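Line by line, the protein sequences give chains F and H. The numbering of the first sequence is this note's numbering, which starts it at 337 and goes up by one. The numbering of the second sequence is this note's numbering, which starts it at 7 and goes up by one.
Hints are not guaranteed to be accurate.
[Said to hold, decoys possible] Cross-link-like lysine to aspartate or glutamate pairs, in silico, DMTMM-like; alpha carbons within 25 Å at most:
(1) H:LYS159 / H:GLU131
(2) H:LYS148 / F:GLU419
(3) H:LYS43 / F:ASP440
(4) F:LYS412 / H:GLU144
(5) H:LYS159 / H:GLU49
In short, the hints are calculated from the structure, not lab data. Note that the structure is a prediction, hence the values are computed from the model and not measured.
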Amino acid sequence: MRIAAILTAIVIAGTAIAAVAAPPAQQAIIDQFAAAAKKADPGFSGFSPDAGKTFFFAEQTGGTGEASNCYACHGKDPKKAGETRAGQTIDPIAVSVNPKRFTDMAMVEKWFGRNCDTVLGRECTVVEKGNFLTFMSAQ
Amino acid sequence: MGTKMGLALAAAVAFIVAGAGMLAVQAQNAPTPNAGKDAFNAECGACHMPFQPEFLPARSWQALMGNLSKHFGENAKLDAATTTAITDYLVSRAADTVNNRQALQGLSPQDVPLRITETPSWIREHRRVTAEVVARPEIKSKANCVACHRRAKLGVYED
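Work out the full structure, taking the sequences as your base and the hints as a guide.
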């Protein structure tokens, strides 16, 4: 009886963790952003996938380029392919259908550096980046 | 085997190993001939096909590579080392370097076209291609060479 209760508790805890955590490779990248966020703000309590979703769909101002939101190229459905302005296919940005996403920090930072400037005219903050990655890693 | 000879042998082996190590380090630091080409294909192929360098003169590639953070309405910036490697590759194969007369036709030395699709040669070759055709969703842009030329990435345009 007690063992059953403990087992149930473990299973519940296990599914709860599975529901929020990204796959290990993506989580390792997210953890690096989390460490930077904590360093900048000791009160930082974790990234928000909901804020990441809002960010992805937000209409931005101040960009240096033609696109004013992230889905202009990545598409409104992150699980489907996107398209560049020159008509070339972009592989889906959602991790569930494209497990290679967000596994190389240099690649992640290169594209945040470019796309945030194009769309917002500035660097994205560590929290914006972490929220975005947390959202897409759960998609 | 005498100790002396053994020592000599050991020294020789150590020398060879150290030499090989130095060579390996050199090979890592020195840019391989293909480094610029590989970087060009990977980096410049991320948003559109990597256009053949033979379509634009060296001065055009230098101008494009010098302003990657303002690239046709997008930021396409790269680190300095990659930028230099790609520029060197593009210049080494540029229209004026390889004397591609077709691409240079109608360009004066002061012209610095930033687009292949703005060169007199490209415009003449595409005079029968209408704006309506280009606007089709599966084409979208004049710069989408592969939409009309299936083998464009191989440099084949006669089809």
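- prompt: What hints, given by number in increasing order, does this structure fail?
  reply: Violated hints: none; all satisfied.
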